[in-house]
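Chains as they are written, first to last, in full-length UniProt numbering: chain A, 1 to 492; chain E, 1 to 492.
Keep in mind the hints are simulated off the structure, nothing from the lab. Be aware that a few hints might be false.
Label-pair ranges, simulated between beta-carbon atoms [to be verified]:
id, chain 1, residue 1, chain 2, residue 2, range
1, E, 3, A, 28, 20 to 30 angstroms
2, A, 240, E, 3, 25 to 35 angstroms
3, A, 138, E, 36, 26 to 36 angstroms
4, A, 209, E, 36, 36 to 46 angstroms
5, A, 196, E, 287, 18 to 28 angstroms
6, A, 326, E, 269, 51 to 61 angstroms
Cβ atoms here follow ideal geometry from the backbone N, Cα and C, with glycine treated the same way.
2 protein chains.
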Amino acid sequence: MAPKALDYDSLNENVKKVQYAVRGELYLRASELQKEGKKIIFTNVGNPHALGQRPLTFPRQPVFNLGKVSFQVVALCQAPFLLDDPNVGLMFPADAIAKAKHYLSLTSGGLGAYSDSRGIPGVRKEVAEFIERRDGYPSDPELIFLTDGASKGVMQILNCVIRGEGDGVLVPVPQYPLYSATISLFGGSLVPYYLEETANWGLDIQDLRQSVVQARSRGITVRAMVIINPGNPTGQCLSEANIREILRFCYQENLVLLGDEVYQQNIYQDQRPFVSSKKVLMEMGLPFSKEVQLVSFHTVSKGYWGECGQRGGYFEMTNIPPKSVDEIYKIASVSLSPNVPAQIFMGLMVNPPKPGDISYEQFIRESKGIIESLRRRARLMTDGFNSCRNVVCNFTEGAMYSFPQIRLPPKAIEAAKKAGKVPDVFYCLRLLEATGISTVPGSGFGQKEGVFHLRTTILPTEEDMPGIMDSFKKFNDEFMEKYEDHRGYSRM
Amino acid sequence: MAPKALDYDSLNENVKKVQYAVRGELYLRASELQKEGKKIIFTNVGNPHALGQRPLTFPRQPVFNLGKVSFQVVALCQAPFLLDDPNVGLMFPADAIAKAKHYLSLTSGGLGAYSDSRGIPGVRKEVAEFIERRDGYPSDPELIFLTDGASKGVMQILNCVIRGEGDGVLVPVPQYPLYSATISLFGGSLVPYYLEETANWGLDIQDLRQSVVQARSRGITVRAMVIINPGNPTGQCLSEANIREILRFCYQENLVLLGDEVYQQNIYQDQRPFVSSKKVLMEMGLPFSKEVQLVSFHTVSKGYWGECGQRGGYFEMTNIPPKSVDEIYKIASVSLSPNVPAQIFMGLMVNPPKPGDISYEQFIRESKGIIESLRRRARLMTDGFNSCRNVVCNFTEGAMYSFPQIRLPPKAIEAAKKAGKVPDVFYCLRLLEATGISTVPGSGFGQKEGVFHLRTTILPTEEDMPGIMDSFKKFNDEFMEKYEDHRGYSRM
């Protein structure tokens, strides 16, 4: 009998081509070890829950404290009859009750009714106001679409951009694998541009130009460019000057810019505060501000909210023609509407407590506290890595990850080959077995030939961090001791 | 300058080809009239909210009464610190508190943490138990994936099935436009099979075979078949014998069957209760039960729940090889996880109050009450249509829609042509202008050449129904009077 449509051999080849590192060998081994009862420190995040374990408490816990009023609002919206309960004032503060009434009034039938496929108009208006306050330039709610997380928005836009394998999308390497996976799924071509590790993961425009030239020589039409700012997995923050160069480049090369700005609240240095691509584009003036097509993405999953499980995000379109916006709207409407509870979270995120609100003081104290603690952890972690033999790590300027380079001695690379493993996978597996620290090998994000990394989150608590870094150092130094060739090699 | 990637002319052609009737001309005109202050009766549903109006209260209101305990559970899960509040017992009954603790214990970090990309294991287990109780056959939680609504699941599966325009999917006509839209988006070919209106929208296997033969003669590889049971927009319920024939046909023709069973709770007659495709397949025994690839879909958006805005669904895979399941898992993981609150709703739906639970009596009374009322409304509506000149309507056996045929006189068709409108759009626009009743023209769902329909929901309240049907009858009879050729035509 002929193969059936859902037999492996007869599946859509684009589906099979998709690679998604976060579920690789390391992850599966960590899961096995955990089942055997070993204590695993999940610093891979992204998706630690697939095993049924409790993930690091960070993405939930501080948010949880911070968002108390927000959670009360969403709880009241889910069960609006609570608003009529005579005891409501005993459990819910007045501002939570007022906000719940506000958001319920914006919906058309509560959280159980489909919203507009672009999201609730009133929430999109709050997002536009947030962008205006942030950038100092007008923002149009009609050009803001709410989504089930930023990833879904990226997929919608790439689906419109990619017509076939002749269409290329510039993606930073190392990159967050959403981009490579989505480009494979839609049958397009990923055009890599390398971030320069020695320049603190900076982006060199000459290098970018070279990538485009090379892609064109292979017959590829480069149509779009992705930037991740702050970077994932690399943690760098782009300077305003760098963003300006990128936008100028997109203008010259006729590229749509996809600005992944989901980590905009996660900034751990003062030299380069977050500046949005939209703001830089507006400041550049004509012809750029009216010509460069830009789509910017944000989420409720990161920052000091970390509400990953809610699946809420938005994108804002700049200089996209109305007929194209209509097409994007039509595609959004095929899956009816983004989930409504997360739209309320988005409203709460972009419109947080204001001076004078009951919960304002607590909100400011807690959100500052979270970012300051993350800044200290970023420092602890990168300093820790840099104290290890054959490990160098740029400071994590933003986002949630450290991405140290591991200089593997030739003997270690040989041993990996013998074991049939990619060298960084070999290293990370050993690390996992010895310490329980679960990381993601750099090969999952892309790296230059012969150079090896791993990605860890900076999310372990400040109390746990010294122990984790000591454990890492002990493993690493023993590993290096074992594989180093002591004749011509010395510790520097 | 060359066109930019997001200029309309340079968008992915598959995106442009997508048609989605629910946002057609009728919908836009209804929106304009509403803005002008006219009272609009939205019996189109699907997506009434895009205008910011309050939709029919049905999908929310009875659910809302029914689900009181469920909403309390989800509210507590969203704000779990409420469980520690000394006043919790004043506002929340003991079973809601117990259920909230149960679902929180199944998550890995609450509603704000990503779940496994397939959904929370504990909820998938509850779904499997529900399927086992329903069908009397085992169900494996590992083959159940939770999704952001059933539509997203359908899209994931079709993405795996469709490799290019040479791949065909059998879709009933009339159909729910999710299928035509998704097949266009992924660049496949829709192979229509016609439901027979004179046989109460039944499915004739000979006709099906003919569709496949014709598609093959055009060089199309037919890979999958969609059934919608109960039917949308046609409302018919498939008999067990008919499902058996379909499964045998899928076996012979080597087709994956996609069983859209989202209306399985919405049954308004007793001759053909809902029987799942999975159950029929298992009863058929070998070789069918081990050979036919089947994916079945369900949702929290329909039935007596109607929790559309939550975006919760699942699919169950039968006879799909493990390597393919892994591929589907990988694709699901690119967008991280379905939203977690809707997963809790799914758990509550498949695991409702049991005899002895505090809220059991109320649950049974209310859910029965809702279905009985819908049954009366289905009768009122189809009887109403059948009392109108040149209108015939099969009884709405299930789902939420009536799909009357409107026999348009030649003069009306001529007038439509003159106005540059498709005839059923012309009729529905006139209906809208005259009565405020907003429907969807049959052409949005597909119909045989020269035959015209409209789709309405059966969701207006029982009180409102007589007024709406009187208003429809008055309009229709005047319309027919105006356009009928009285020489050779008489009212029958």
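Verification of the supplied hints:
For the pair residue 3 of chain E and residue 28 of chain A, the supplied restraint of 20 to 30 angstroms is violated, since their beta-carbon distance comes to about 45 angstroms. For residue 240 of chain A paired with residue 3 of chain E, a C-beta distance near 29 angstroms keeps the hint of 25 to 35 angstroms intact. Range check, residue 138 of chain A to residue 36 of chain E: about 28 angstroms between beta-carbon atoms, so the 26 to 36 angstroms window is met. The given range of 36 to 46 angstroms is broken by residue 209 of chain A and residue 36 of chain E, whose C-beta atoms sit roughly 54 angstroms from each other.
At about 60 angstroms, the CB distance of residue 196 of chain A to residue 287 of chain E disagrees with the hint of 18 to 28 angstroms. In this structure the supplied range 51 to 61 angstroms is violated for residue 326 of chain A paired with residue 269 of chain E, their Cβ-Cβ distance being about 41 angstroms.
Violated hints, in rising order: 1, 4, 5, 6; the structure is consistent with all others.
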